[in-house]
Amino acid sequence: MTENTSGAAGAGGQRSDSRTLSRRSMLKLGGAVATAGALAPAIAACSSGSASSSSKSSKTLSYVIMGTSTYSPIWDAESKQFEALHPGVTLNRIAIPAPTWSAYVDDLKVRIASGLIPDIIQVATEGMYTLAATGILHPLNDYVAADKDYIDGYYADVNSNFPAWLKLTTPPGSEVYYLPGEDQSMCMWLNMKLFKEAGIPAPGEDWTWDDFLAIARRIKSKTGAYAYTCDYGSYQGIQPWLQTNGGNQMSADWKTITMDTPENAEAAEFVRMLVQDGLAVPPSPSFDDFAYQAKGKVGMVGCGRWEIIEARQYKVVDDLQIVQFPIKKQHGSPVGWDSYGMSTTSQNKDLAWDFLKYLTSVEYNKTFAQLPSPAIPARTSIANSSLFTANSPVGTTELLKALDYSTPIPSPVNNDAIENTLQTGWADIVTGSISVSAGLQQMQEKMSEQLAS
Amino acid sequence: MSELGGETPALMPRPARPGPVRPGKARSSRSARAREAVVGYLFVGPATVLFIVFLGGPLLAALVFSFTDWQLLGPIHFVGLANFRSVFSAQVLQIFVNTFYFTFGSILLHIVPGFLLAALVVRMRSRFLKYVIQTIYVAPFLLGYASAALLWEYMLNPSFGPVPYYLHKLPFAGLLNSPAWAMPTLLGVDEWATFGFLFLVLVAGIQQIPPELYEAASIDGAGPLRQLFRITIPLSAPTLFYAITVNFILAFQIFTPMYIMTDGGPLGRTESMVQYIYQQAFQSFQIGTASALAVVSFLIIALLTVLQFTVGMRGVRRATGYSEVGRQI
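Protein chains in written order, with this note's numbering: chain A, 883 to 1335; chain B, 2 to 330.
Isolated chain A (complex conformation) (with noise of 0.2 Å):
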């Protein structure tokens, strides 16, 4: 009776009654489980509009930021000098680790596809045109034009070139996704216990390729030492050449690349020469060039305000003094800067706003600059002042007049492709592997590819 009753048995007990799962309703089952572990995320996201911000009530402010160990203390006083100022908000900070900026953005960008979107996204240069043409970002034009004022105020002290460089890293149109924020430029830092010893003294603002070749060739002379290392990457290792000779990577707008320009041509013989007469060590992905100056085993090291950590760490700040990259044709260097959007889907925007203004703010870039503040605070003010000149080598207001001739680090869609073409291209003409015309050739067409898919 209970056989037949139960319907799906069969006759003497002999199948599977309805009570014993099959392998096909198993299967189903854990189809079902794990489709509703992988969507979790996405529901969540799309049900409170943010991945990581709670409710209206709880005040939590979720962000995410490059950064490393490193960094945690300028952002730990970060959170605590604005929640000391917002009693009751909490800001939930998510930190990415990633050696440049690109690779920075990629790792975003991944984490924006898997439904990850805090309510404030710090992004560079790198990566502000693709993430604005997204559309993951609330304009900041209403916020703006309300605090007319305090932001006009903001403008006056920051870099002049700012309104030009957020334009071109901002998609066509009237939106304003970002304001300026913290930037770098690239600068030669000199070991100057290596220089006193070869008898050199520092050079001047306007010195030569010709005044580098000497100064070089007398170091590796008198004191055994490299001259300089030639930085695998792009932004401190490449683009500084290119442009001091009237070159670039691509064309100002971004749309075309012109790595096979005699400018460029010149700027990569130079750099061969130096490596292959001995003066120069070689490119290398992992090789930190900053140490082995740190140790006297290299001159000059071309670098931004980043390389004030380790120099701090390795006490040698006294021993450096940070000059103008030397010209071939004009001063040139790359700039970047950092900047912070505001997601769609954050449900407190206003707390948001409140969030990045304070980023603008006069107490806030006091702060940064007092920290091992790893860029130039945003303020030109503060920027000048003892609180960011303080423990840094002699020099360093260098870095602020670079800006004034500094041209945006080149920052397409595909940018860390284009990136790792170039620098892998630029290491091959180098070290030799390649002739400088057919290595430039080569980029040309491989980079051309990258920036049309």
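If you're looking for bench data, these hints aren't it; they were derived computationally from the structure. A portion of the hints provided could be inaccurate.
To be verified - Computed, partial: chain A to chain B, Cβ under 10 Å:
#	residue
1	Ser984
2	Asp989
3	Phe1152
4	Ser1168
5	Ala1299
6	Gly1307
7	Val1318
What the hints assert, rightly or not - Cβ-Cβ distance ranges computed for the label pairs, FRET-style:
#	chain 1	residue 1	chain 2	residue 2	range
8	B	Leu144	A	Ala1015	38 to 46 Å
9	A	Ala980	B	Val80	29 to 37 Å
10	A	Asp1286	B	Leu144	42 to 50 Å
To be verified - Some residues of chain B that are not near chain A, with every Cβ distance over 10 Å (derived):
#	residue
11	Val122
12	Asn158
13	Val164
Virtual Cβ for every residue (Gly too), placed ideally from N, Cα, C.
Could you slot chain B onto chain A? The hints should help.
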């Protein structure tokens, strides 16, 4: 039992003789079977869920994406087989050449010296020396591949590394910057970093050979070389087969040393397939192209593994004289 081709041993419990089924007993028997089934499914459940979420799901997703032009943060369109055409581009073919070069080089460098060393170590009389040698060869494997790659990048740095310092007068001083020497150098680093794993596997396999066979062979006048070819190699065939298969799969998916030490250079001569897939997916965000390449790579690995099983198992059966090896594996 029938799958194993043997007879039911006398001491094994025999199945109950079928008899008349009383309703109460039948219910209890069915509920016991149901409980047993639930327990069984609970045991395989976690593994099944993990498989679906982390292997089956992504594999299916990759297959679907390979027919699209998805760029992660944009619309998705069906593009047919367009992404698979990139497999035939000169760059991708060069990357396949690099990957096969590395894979077969790695198999050769791991299996031949690994097997000979394992055979030597197993027959050593001094247990102390045996442990010392095993520890020396396994230690780099415990270090982790990323650490090993960074260490060797420093060792081989053309300006400050100890290796070029001592070899600077030889033609291969700039090892990682040389299109001809970069891949052999990475193979050397791979050998140093991962040799210990397969070496241990091979030692374990050779240790299973009964020592009486060697004693009998010695009495019959067989020397070490004859013993190696007549006893050690044939009886280690299943282990060797396993080691070669695992080595092939792992080497074909190589990524770490290229990413850390050469970034695929010089002239793209060390760019591996997985590295290229990573670049396509997470730097260029060409998810469709990356998925197509991943599917092709998966098929290559699967086909060659099946081929290895087919050909290799025949060899193993011939060498061991045991016809059931394949079924057991």
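Hints versus structure:
1. Ser984: holds (8 Å)
2. Asp989: This hint holds: A:Asp989 lies near chain B, its Cβ roughly 8 Å from the closest one there, short of 10 Å.
3. Phe1152: violated (19 Å)
4. Ser1168: holds (5 Å)
5. Ala1299: holds (4 Å)
6. Gly1307: holds (8 Å)
7. Val1318: Nearest chain B Cβ about 14 Å off; hint violated.
8. B:Leu144 to A:Ala1015: 38 to 46 Å: holds (43 Å)
9. A:Ala980 to B:Val80: 29 to 37 Å: With a Cβ separation near 31 Å, A:Ala980 and B:Val80 satisfy 29 to 37 Å, so the hint holds.
10. A:Asp1286 to B:Leu144: 42 to 50 Å: This hint holds: roughly 48 Å between Cβ atoms.
11. Val122: holds (35 Å)
12. Asn158: Its Cβ does come within 10 Å of chain A, the nearest being 6 Å, so this is violated.
13. Val164: B:Val164 clear of chain A: closest Cβ-Cβ about 14 Å, beyond 10 Å.
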